[in-house]
Structure formats: C-alpha cells, structure tokens
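Enquirer: Taken in sequence, the protein lines are chains F and X. Heads up, the first sequence is in this note's numbering, so the first residue is 1 and it goes up one at a time. Heads up, the second sequence is in this note's numbering, so the first residue is 1001 and it goes up one at a time.
Keep in mind that the hints were calculated from the coordinates and are not lab data. Everything numeric in this text was worked out from a predicted model, so none of it was measured. Using N, Cα and C, we set each Cβ at its ideal position, and we do this for glycine too. Accuracy of the hints is not assured; some may be wrong.
Rough simulated footprint, nothing fancy, chain F against chain X, three-plus residues with beta-carbon under 8 Å [what the hints assert, rightly or not]: (1) 1149-1161; (2) 1171-1183.
Which residues of chain X face chain F? A partial, calculated answer using Cβ under 10 Å [unchecked claim]: (3) Ile1141; (4) Leu1144; (5) Arg1188; (6) Ala1222; (7) Pro1223; (8) Gly1262; (9) Ile1281; (10) Ser1288; (11) Gly1293; (12) Asn1295.
Pairwise CB distance ranges, derived in the manner of DEER restraints [stated by the list, open to error]: (13) Thr127(F) x Asp1037(X): 30 to 40 Å; (14) Ile1054(X) x Thr127(F): 23 to 33 Å; (15) Arg1143(X) x Arg53(F): 32 to 42 Å; (16) Val1064(X) x Leu11(F): 31 to 41 Å; (17) Ala292(F) x Pro1201(X): 36 to 46 Å; (18) Leu1056(X) x Pro310(F): 21 to 31 Å; (19) Pro1223(X) x Pro61(F): 46 to 56 Å.
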Amino acid sequence: MRRYVVGRLLLMVPTLVGVAVLTFVIMRAVPGDIVALRYAGSNVSQDVIDQERHLLGLDKPLWAQFTDWMGSIARLDLGQSLWTGHSVVEEVQVRMPLSIELAILATLFAVVLAIPLGVVAAVKQDTWVDYAIRVFSIGGLAMPSFWIGIMAVLITLTLFGWAPPVVFTPLFEDPVANLSGLVLPAIAVGYRYSAVSMRMTRSSVLEVLREDYVRTARAKGLRETFVVVRHALRNALLPVVTVVSLEFAFLIGGLVVTEQVFNLNGIGKLLVDAVAHRDYTLVQALVLLLAAVFVIVNFVVDMVYVVLDPRIRYS
Amino acid sequence: MTQASHALDRSDEADVIAKRRYLESTGGRRFVRFWRDFVRRRPLGTAGAVLIVIMLLTAAFAHVVAPYDPTAINFTDLLRPPAPDHLLGTDNFGRDVFSRVIFGSRTALTVGFTASLVGCTLGLVLGVVGAYLGGRTDQVIQRLMDVLLSFPLIVIAIAVVAALGTGEDKILNVIAAITVPIIPRVARVVRSSALSVVQMPYIEATRSVGAGAVRIMFRHVAPNVFAPYLIMLTAFLGQAILLEASLSFLGLGVFEPTPSWGLMLRGAGMQFLERAPWLAIAPGVAISMAVFGFNLFGDSLRDALDPRLRTG
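Bound-form chain F, shown alone:
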C-alpha cells in the first residue's frame, strides 16, 4: 500500500511537468507578447519596448526563461503577474474564495438533486417516472449552463423583478448578499452537473440492485426503502463519489463562461484575462495550479475508496 501511494505521488510529477511544458510552449506560440500589446497603437520607440522586455526578462532565450520559471516553482515561488505586477498568490487569493464557494454550492445543489432522482429512476426502471427523470437529466446536459443562467436571470427578473447583485460580497461580510449573488449561478451550473451524477447514480444503483445480498435483504423481509437506502445505495455510491469529486475539481477553473454571464470575478475569468493579456507568468502559474488541484483530487478520491470500500486494496 505504501509503495502504491508513493508511486502515485511520484507519477504526479511527470504529469505536472508535462502540463508546465505544454502551457509554456502554447503561450509562447500565441502571437504578440505583453509588451507589444501594452504599447499597441501608441508611438513608442523600439528602445523603450526593448527596455521593457528586458525588465520583464522576455529578452532571454526561451530555454533560459523556462529554467528560470522551473527554478522558482521548485522554490514554491509562483512569481508575479506581468500585467499588474502583483504576486500571483495575491491575484489568486482575491478570487479563490469566490471560485471555491461557487464550486461547493454547485456541487451541493447537484448532489441533492442527483442522488434522490437517480435512485428513484433506478427503482422505477422503464416506467414513465424513469423516462421523465432521464429526459430531465439529458436536458441538463444539453442546455449550456451559461444559457440556463441567462434564463434564470430572465425568469426571476420578469416574475419577481429581482436580479442578482452586480457586486460580489464576501461570505463573512454579509452572508445574505453573498448567497443571493451566487444562488443563480450555482443552480445553473449545478443542474448541468447533477445530470452527470444522476446518470451515474441510476446505473450504479441498477447494478447493485441485482446483487445477491440485496435479494437476501429482501428475503429477510426488510422494508423496501431500507433495502434500497441502506443496502443498495451505500454500495452504489462509490462511482458517484468519483464523478462528483472530479467535477468539483474542474468546477474551480472551468466556470469561465458562467462567470462571464454573472459578472463574477473568479479564477476562470482571471485565466481568460491573463491569456488575453499574454500574461505568461500568471497563465503558467494558474494552469499549473488548476492541474495540480485536479491531480490531487484524483489521488485523494482513489485513497478515499480504500476507506469506503474495504474490499479495495492497492498494491
């Protein structure tokens, strides 16, 4: 077991190095750098531009820039944003609470919706209830979450004359204002993700319901609800946990479009802006951070398996 854990941890390194190399290469392939963008259209002499590039270290050969960057990463220094001059850690700190809170709210909404619906659909397999729930969930996959968001705003606006606040309030300052800003985006995103986990719950419960121990439980004369919830659901939840946690990892950086709709200043928006500004250090650090979150969540999920299911042993 310990060898397995160490092996998995070591395997993260090549993946993250790959992410680093790929991001570095892609960003340098993007035409125009930050200095060219900043002085675009203005009448600045080449000297000033060269000086600026020198200041930011962009005149060094590519391999030197890369090794510099890798060196600072190894010292756990994420560097400074080329655009604002603030440290990357600061830029992330400002936005992380919002992104994480939204991801948690969306996941909560998704789970609360998905698990009961998935179980009901499985228990009532091939009846109209099952069909209705499945159509509802395929609908969630088909509608772009940013459009669900727009529609949610439209509906609350026309029915209640209420629109979410334009300015974001931190949770601990004013929880009500904070939640009222995040509830619609959380529903918009959560509905879409509930579809994925609902389908997973349904098929996994269906599989478990055919197991021998479920038949035994029924034969003992246990109530059907008890059999479904205690015997079937508990064992069916494992794949659902995987799906939910991987989605959660993606939610932190992947809500680019939803953040745009609700004018939220989260990690996704930061990333898109950084790409637009050719802010190399910020893009590289952010992408590496998001990839690290994903890889770590992935690892934690595999470890949680061992706790949830004693039959699983890694070797």
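Chain F is already provided as a structure; the job is to place chain X on it using the hints.
Expert: Leaving out everything else, chain X in the frame of chain F:
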C-alpha cells in the same frame, strides 16, 4: 468496485443479441435489421435521430427554409417582438432572428461534425497504436493524454484558440480548438477496448502469417473497436456544439456576421435581456435541441451496442 451480476434479464439479452448482430453485420440486410430493432425498441433514441435528421435537412436547405437573408440589416425593424412576418422577432440590427437561427445550424453542425470526426479519429489512432505497440510508446502516449486530461475542456480550447488566433475567417482555428480536448478522452476509451482485442488469438494468427504492424492495427484491431468509436462520435458531437457556442459566447469563436447561436447570445442576447428576451431564448433553445438530439441518440446507441460502456 461492485461485481456485475451475471444474471441477464430479458432486455440485456436482447441488447447482447443486437450488439452481436451489429458487429457481425457486413451485409446490408443485417444493417437494416439492426436499425429496425433500434427504432422498435428505443423510442427515445429514435426521437433523437428524428431531431438530428430534421436539423441536417434544415442546415442543408437553410436558404429555402429561412424567410430572410440572415445578414440583411434593416434599421426600420429594430428589436421587433415575434410576429407572423418575423417568427422569432428581430435583433438590434433589424435582422430576422428566425433566419439567423436557421443559418446558425450550419455553423454549429459544420464545426460539430468536423471537430468530433477529426478528434475521435485521432483518438482512435492513438488508442489503437498505444494498445497494440504497448511498452514505451504506450507510456508516452498515455502520459501525454494525462496532461491534456488535467485541464477543463474549455481551458484547453481557449488556449488553442489564443495560440492560433481568432478572426472573421478563422473558423478552422475554432474547429481545431474543439478537436484537441476531444482526442485524449477518446484515446483512453479506445485504448481500453483495444487492449482486449489485441489479446485475441486471431491477432496472433495474423501476425504469424507475416502481416505488418500497421496492417494489423488498422485492418484488424481498429474495426473491432468501432462500436466505442461510434458511441464517442455521437457523444462528442453534442459536446462540440456546446463548446462552439461557449467559445463564440466568450468572443473566442465564430465572428460576426456569421450567424452562430453562441454569438447571438453574446451580444444583443445579454444586452437586451429585459427589452427583447426572444434574442436570448431562441438561440439557446436551438443549441439545447441540437445537443439534446445527439445525446438522446448517442445514449440509445450506446445501450444498443455496448451496455457496459459508460462514458459519463
């Protein structure tokens, strides 16, 4: 993981038979029989197929179906609500929204089909090559795919679009941006299916009569992982359409004046949400119907071809 029960109920058995029939089908008659079964036993999938066919026809005959030129600007008819002469109203340039939605299907389907076809095919090649050659080649391919898989779809797409550049006539770049994130997802599924095919005795037999690696991979292994390939293809068609809409919505996809559903939501759709809600409703419904059709069809196709394959 929970152990799958070996007891097959009636519908599973029928599924297996349908799958075997499909895999064995070389002649036209078997092909017809498969689809006849499909229509009879899978009403949801058939509904999806009907939606897809309607959409294909609309896109092909857009110039006949659409009552107006989708790019014709008319400043006397700005932001008109839906009425008999403008079924879905007009936008802030007086362009007919219905015609723009109809022509938008061309953009969505072109981008969707090209991106998922190219992405799935490249994924198929990488998956088969990795599974057949194994060893270091397989390791390298897998690590590369791991790297691509550790980003959210939209983030890779944005990076690729940024690297290739955006512009009015850069629709190929949008397609490329959507293709890249599809590749690793397909490669992984195909690889795991191909791994069991590679172990089959007939592959060894083929090798022993002296067939080359390329011939074995593409004449003997690839056709046997065609079922997951087909399933992924339909699944990613919907995804690709969604991704095109998202990119265009962010201003990183298709550009004006090309009619695109995502683009229609981006500008006027948001801006005039209260005054002209039809601008935001119509393109969103179009996107949802398109993706809904592909998902319904893809789901049922997966159930019919391989009930064990779950792509999530």
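Enquirer: To test your reading of the hints: which numbers does this structure violate?
Expert: 2, 3, 5, 6, 7, 13, 16 and 18
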